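Here's the letter readout for the chains.
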Amino acid sequence: MLAMSFSGFAQDTIMSLWPKDKIPNHVNSDEKEIHERNGILRISKVQDPTIEVYLPAKSNANGQAMLIFPGGGYHILAYDWEGTDIAKFLNGKGIVGIVVKYRLPSSVSQTDMHNVPLIDALRALRLVRSKAKDFNINANKIGIMGFSAGGHLASTLGTHFNEKVYTPIDDVDEVSARPDFMALGYPVITFGEQSTHKGSQKYLLGEAPKPEMIAHFSNEKQVTNETPPTFLVHAADDKAVPVENSLVFFEALKENGVLATLHVYPKGGHGFSLARKDMHLRTWTERLFEWMENLE
Amino acid sequence: MGKKILVVLISLFFGAYSLGAQDTIIPLWPKDKIPNYVKSDEKETHVQGDDLLRIGKVQEPDIAVYLPAEKNATGEAVLIFPGGGYHILAYDWEGTDIAKYLNGKGIAGIVVKYRMPSSVSQTDKHLVPLIDAQRALRIVRSNAANFNIKPNKIGVIGFSAGGHLVATLGTHYNEKVYEPVDSIDKESARPDFMALGYAVIRRPAKNDEAEKDGTNKKEPSIMAYFANDERVTSETPPAFLFHAADDPGVPVANSLLFFRALTDKGVPATMHIYPKGGHGFSLARDNAHLRGWTDRFFEWIESLE
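Residue numbers (this note's numbering), protein chains in the order written: chain A, -7 to 288; chain B, 81 to 385.
Next comes chain A alone, as it looks inside the complex (with noise of 0.2 angstroms):
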């Protein structure tokens, strides 16, 4: 296990998901995972899937994780503004946070693409908990946060943690999968809907998904009283993804008796991540840290 994980930088370590292999739906190709710098880090085609884990020094360390699923339509994944940028702000607070890469639908090197992206969060769930004492972490204390589509992979966690979509190939996998809590910004929740944000229900589920996947996949029809505590935060002006997709995931939660927080801003769009130059926006990041501090 430590032979595969490597230094990147001074604080953060990367790691696969999976041994090289072993990767569940994995099919060779010549597929290459791309990476674009403009403004925003995008990669796409994502073979590897990895985790980047991002410490504070342990006496500022409180015990909690944050994985982080950046957001890109299942097409990209924004991997600075909603990823790395997040865990170097989390760790600001004590936080510990891990940025997911996860693989993205594809035909060409995936068999089943649409269970991909949930099997990666699967996996780096375990192996985040599995590691708890090595990261200096409560294991109960793992949270899990995601943007736009990155938001829907994470509520799709929350809400089929406990579904087998691949065959354990280690210890790991004995793991839990559940999160503890949740934090979802302006994510994606529901398909087949007015409100459903087009590509990623074109990019996930293909051009002409069965409504039983539909279903499956919208969210808001699959949570339980095992659903974890959760925080959403929207603007009401996102035209990308309507705000009612945290309405609907809000009132399924009510509806479980999940305990759901929800802040809605008046304006802000949609991919605001942390909204450095929206003064009223950008205070959700305190709101994250209220939510976490309060959580029992």
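Simulated from the structure, these hints should not be mistaken for lab results. On a predicted model such as this, the values are computed, not experimentally measured, just so you know. It is possible that some hints are incorrect.
[Claimed, not checked] So, partial list: chain A residues that the calculated Cβ filter (under 10 angstroms) puts toward chain B:
1. 164
2. 257
3. 285
[What the hints assert, rightly or not] Here are the simulated lysine to aspartate or glutamate pairs, EDC-like style, with alpha carbons at most 20 angstroms apart:
4. B:356 - A:23
5. A:259 - B:272
6. A:259 - B:204
Beta carbons: idealized from backbone N, C-alpha and C, even for Gly.
With chain A fixed as given, assemble chain B onto it according to the hints.
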């Protein structure tokens, strides 16, 4: 010195009297011109409980004006509508304490002691809270210079049934529900912004607050008139909503309903829903998470254009 003179001036104009050092009470209407008023032996009740001051059977509605030091003043004012199920007013808990808190941020706080529906001392009792709310807004706007506030920075906040009244004012400010009594009634009654705390928006079948609100459920026209989510237009003022998800008295569905209606009409809407807090939490001083709503409120006011 300046404040004393101001108080005296207001007293002369309105027959007001001073309560304490900071605040001034002004009747909403000239004594013999209170709309929909019917003479009766009903008397206003003040019940000081161990928890809070409850006022009932209001006969002469008024505003209590709390002003910050001129040097602290931001120019904004907020009229405060305490809750109490259209039956009583939680006058200090959701009224004067809020006004004083606003003063701490340089905002004028004005507590509205509105009449509650009474079949004994009023005609068309379902309209009476709205009549008083419109008048209160107009009086404050007409006194903008006296209160050292800007006439286009006058907001409203209401809690529970007071939130219903605020939503009603925000969606019915243009409606003529009484005959003008003086030049004050030429002022616009449109709030510039509105905040709703665990607000009643309409009356779902199961809503305890609705049981006491004095309107007759058997009259569908009145029900429709006060279904405030259906009354939202693009002119409805920007809104700030807060609610606890576990509210057993007024379900959070009320805020969601109103939020969706505002968003549908393109009205800027802000909403903060906390996981716990129940109903009627006011400043929520004993809940470290929930009490943050007041800071969210100030941030929101600062962000308004």
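Hints, one by one, checked against the model:
no. : hint          : result
1   : 164           : violated (32 angstroms)
2   : 257           : holds (6 angstroms)
3   : 285           : holds (8 angstroms)
4   : B:356 - A:23  : violated (49 angstroms)
5   : A:259 - B:272 : holds (18 angstroms)
6   : A:259 - B:204 : violated (40 angstroms)
Hints 1, 4 and 6 from the list above are not met by this structure, while the remaining hints are.
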